[in-house]
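Protein chains: 2
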Amino acid sequence: MVDAVQIDSRKFDCSIAATLDAIGDRWTLLILRDLFKGVRRFEDLQKDLGIARNLLSNRLNKLISHSIVIRVPYQERPTRYEYRLTSKGLDLSPSLVALMHWGDTWCITDGPPTVLVHQECNTPLEHSVNCPSCSEAVPAKSIRSQVGPGGR
Amino acid sequence: MVDAVQIDSRKFDCSIAATLDAIGDRWTLLILRDLFKGVRRFEDLQKDLGIARNLLSNRLNKLISHSIVIRVPYQERPTRYEYRLTSKGLDLSPSLVALMHWGDTWCITDGPPTVLVHQECNTPLEHSVNCPSCSEAVPAKSIRSQVGPGGR
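Protein chains in written order, with my numbering: chain F, 1 to 152; chain G, 1 to 152.
One should not assume that every hint holds.
What the hints assert, rightly or not - Result set (DSS-like, lysine-lysine): computed pairs, CA atoms no more than 25 Å apart in a straight line:
#1 F:141 <-> G:37
#2 F:62 <-> G:141
#3 G:141 <-> F:88
#4 F:37 <-> G:141
#5 F:47 <-> F:62
#6 F:141 <-> G:62
#7 G:47 <-> G:62
#8 G:88 <-> F:141
#9 F:37 <-> F:47
#10 G:62 <-> G:88
Hints in this document: simulated from the structure, not taken from any laboratory.
Can you make the complete structure from the sequences, with help from the hints?
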């Protein structure tokens with residue numbers, strides 16, 4: 001089953017549209033969140049999310065077709081598989097961190113349900129948009145869009 | 001019209017789920033992208049996205065109900081309105097920057113269609129997940145989830 005409204009990302013000169021084409025539905029993002037947390041097996045994902053098996057299977061196959069996830073055998077006789085993030089999948093972590101921090105700030109009233117920490121020192125992580133030239137964090141109001149090399 | 005599959009974010013102890021509840025469909029993210037670019041009027045949004053009027057109206061109302069967008073009059077007789085991001089809306093910019101950079105890296109073949117630059121110096125922006133204690137960028141493999149103050 002797919003979203004009722006499909007958007008053809010090729011119509012948009014925009015990487016956000018292309019990104020949404022690959023990961024832009026809610027279940028997909030929640031599955032990715034679980035894979036990042038280390039939940040990797042079909043049954044565990046199904047239980048953790050309370051998602052219907054056909055939907056989970058559909059979303060995992062879509063993630064595989066986009067090379068975001070690979071299916072890897074973890075057991076023989078019978079062969080059983082788990083799902084792992086590829087480099088392309090792991091590279092989504094800053095986006096998920098940013099979305100999660102926003103939810104912590106604006107959508108949650110009882111404090112963050114989950115805190116992401118640096119494994120080495122247990123410090124809660126931050127994220128930021130930076131200017132490498134000015135070496136400073138850049139607020140939304142100082143961001144400007146300009147046509148890039150792949151723009152029309 | 002809403003997505004065919006609705007997920008009740010209250011079932012999930014997770015700010016990503018809460019975030020998706022507010023902005024988690026493709027049109028909504030594309031509308032936000034346009035508002036960030038400065039496209040603020042109904043007709044302009046409709047033209048730029050090629051979205052049906054009822055869908056645009058539905059999504060804008062949802063963004064208003066989540067206090068992400070406000071409707072502000074820009075003309076009298078007849079009164080005409082434009083849509084502006086609130087502080088809560090503007091705070092989504094790091095998430096959109098991160099999603100866009102991921103799309104630039106992994107989904108686009110002809111180079112980025114749009115480049116986000118620092119208004120003051122025209123330098124393309126970067127984004128990162130950082131550890132404030134170690135003062136370093138943190139890769140996905142060094143991120144760990146732990147239960148936060150609002151966790152079950």
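List in ascending order the numbers of the hints, as given earlier, that are violated by the structure. As far as the earlier hints go, not one is violated by this structure.
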